[in-house]
Each structure stands twice: as C-alpha cells, then as structure tokens.
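Novice: First residue of the sequence shown: 1, per our numbering; consecutive thereafter.
Just to be clear, a hint being listed does not mean it is correct.
FRET-style restraints, in silico, Cβ to Cβ [stated by the list, open to error]:
#, residue 1, residue 2, range
1, N174, C7, 36 to 44 Å
2, E139, N197, 15 to 23 Å
3, L99, N265, 23 to 31 Å
4, S201, E3, 39 to 47 Å
5, M1, K74, 44 to 52 Å
6, E126, V215, 38 to 46 Å
7, P42, M1, 15 to 23 Å
8, I86, V180, 34 to 42 Å
9, K81, T101, 51 to 59 Å
10, E3, Q232, 21 to 29 Å
11, K290, D216, 44 to 52 Å
12, S201, L2, 39 to 47 Å
Everything labelled a hint here was simulated from the structure, so no lab data went into it.
C-beta: ideal position from N, C-alpha, C; glycine also.
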Amino acid sequence: MLEKFSCGFPGVVRIEPSSICNLKCIHCPTGTTKANRGLMAPQTFDVIIKNILKHQKQIRVVVLYHGGEPLLNKNFPNMVKQIKEIGIPLIKTVSNGMLLTDEMIEKTCESGLDAIEFSLDGTSFEQNDFIRRGCNGREVVRNIKKMITYKKENAHLKPGICISTTQFIKETQNIPADTVPAVPNYLLEVFSDEINNKDLSFKTTFAMKWPDMNVDRKQFFVNGSGEESQIQNFCDHVLNTITVRWNGDVVPCCYDLTSRVVLGNIYDDNLETIWNNQKYLRLRMSIYEKNFYPSLCDECNTVKNHKYLCVKEDSKGT
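Turn these sequences into a full structure, and let the hints steer you where they fit.
Specialist: Listed below in structure tokens is the structure:
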C-alpha cells in the first residue's frame, strides 16, 4: 500500500547553511520560537555533496536557505562553488542583507550563485525595522546597491537580485484569497534607478501564519480564508523537494523551521534511502488521504485554507 507513494529522487534540494539568524522578525518562526540552532559544519555539507553527486542529473535546483541567515556561515561562498562544480544548473538563496559586506559581495558574486532574494517588509523603512527586529532597512538598501555596482563593474550578470516584500493585512481590510499585494511605494522610490535599468525584480506576499509559530497576540490576530472543503490532497514539497537542515536532519519542507517532523538524518542514511523511507511514505499517504498525521501539515497553508497574520489597528507595526 505504502509503496505506491514512493518517488524518484527530487529535482530540488534545499540545504540550510545556518539555522541561526541575526534578526528576530515578528512574523517568522525563527524569530519567535526557541529551537536548537547552529551553523552547518563543512563535514556535514561534504556528506550532502556526496549524496547529491549520485543524482546530479535529476537535480535542477539547489536552494541554500531554510530557517536562518545563510551569510552567517563563512563557508557559504565555498558551498556555492562546490555545488556549481558538480554541474547543478541553478543555485539560489535568501538573505536579510545585513551581512552583505564588501568582502561578502565579492565572494558571493564570484562564487557562481545564480540568484539571491533580499527581504524588506512593510510599507516604510520604519515599519520594516519594527517588523524585522535588528534590521536597518536603509543599510540593506545600500548593501544591495553596492552589489549591483560590483556586478556592473565586473561585468557579472549573476546573481540575479530579487526584493521579497511581505505586507500585512489590517484588521479592517477584507482581502480576497489569492490577492497579491502591490510593491510598497518606499521601495519603488528608493530603487527607481535599478527598476528602470532592470537590475532587480520584486516578489510580494501577505504575511502568513506559519506552522509552529508563536504569534504575538498584542500585534496580530490570525484570519483564515477559504472553506474547509477547499482542503487539498496534493503537496509538491513532499514530491519534488528534499530539505536538509544544518545538522543533517531531513524535514518535510520549507515550512518546518523548528524540525517538528524529522524524517531522517544524513549521518544515519543516505538521502535516496530517506526520500522513500517509511516516514516519508506515510507522510505522502496522509496528505493524499487528507489525514495530515503530522500536525505540521494540519496547520499548513499549502493543503489547508490560508491563515494570514492581520495587524491590529492599535499595533505599533501599522
């Protein structure tokens, strides 16, 4: 019965260079939930490389990011180089941009990284710095502009740069499901030259309630969208992406930032074995049957109705 839920090796591999973050964002489980965190050791990364070497033809993308700030790991540029050397077509990451020093800009641009996504949230620098505790939004903008300048001066087309901005639904707003928020004016203004020159792109989302997240009820309330009848029995994450955390633990997807569901560890089994072990097969079956046996899935926006973080009108974050 379970065997029918086995899958060929996935095309996307997610690797976490760091589960530690230098920020404590109020809309992120990493910033709001205590957990065992650390930096991926070189020997752990080497084990992963040996595992994916066997499947390099199937792998289309490696994402060097999960729950923390990847640039905290000083080995990050070398990680990119090692992955490039085995012929993976696309390598990308996500960063808060606070650690983008001149040295890191040079090393990152020279590493072969294909794409990097920087996060700037809210409708102003003041709101961004309130939400993204420890961030200086204006400094992040300066760092991004420095990276763009370095790319131009050295005739580098990569990494492609995207600004990811999370916006918040207010208590009095009625936002239909699947609505995409507009890019806030402060970002359009500060990056006007870069937009005209097509030096970067934007991605916008509404803040969601993550599984296993401690919600600050003084700032937010959680608002759901859709009906329970809209529950899905399909999740691409458990079919096409394998996620390896900083310590070698394999978790179901990018939404498990606290290792709530550990499916194996690369020091105990290889990735191919873990990918179709009994835990993975039962997980896929539970989604297909809409039983959602791990509570992680039962709280997830991918298969259940969306849950948004809505800002209370008297919140300082508005």
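Novice: Now, for every hint given, state plainly whether the structure supports it.
Specialist: A quick look at each hint next to the structure:
no., hint, result
1, N174 x C7: 36 to 44 Å, "40 Å, holds"
2, E139 x N197: 15 to 23 Å, "22 Å, holds"
3, L99 x N265: 23 to 31 Å, "28 Å, holds"
4, S201 x E3: 39 to 47 Å, "42 Å, holds"
5, M1 x K74: 44 to 52 Å, "47 Å, holds"
6, E126 x V215: 38 to 46 Å, "22 Å, violated"
7, P42 x M1: 15 to 23 Å, "41 Å, violated"
8, I86 x V180: 34 to 42 Å, "36 Å, holds"
9, K81 x T101: 51 to 59 Å, "19 Å, violated"
10, E3 x Q232: 21 to 29 Å, "23 Å, holds"
11, K290 x D216: 44 to 52 Å, "31 Å, violated"
12, S201 x L2: 39 to 47 Å, "42 Å, holds"
Checked against the numbered hints given earlier, this structure breaks hints 6, 7, 9 and 11; the rest are met.
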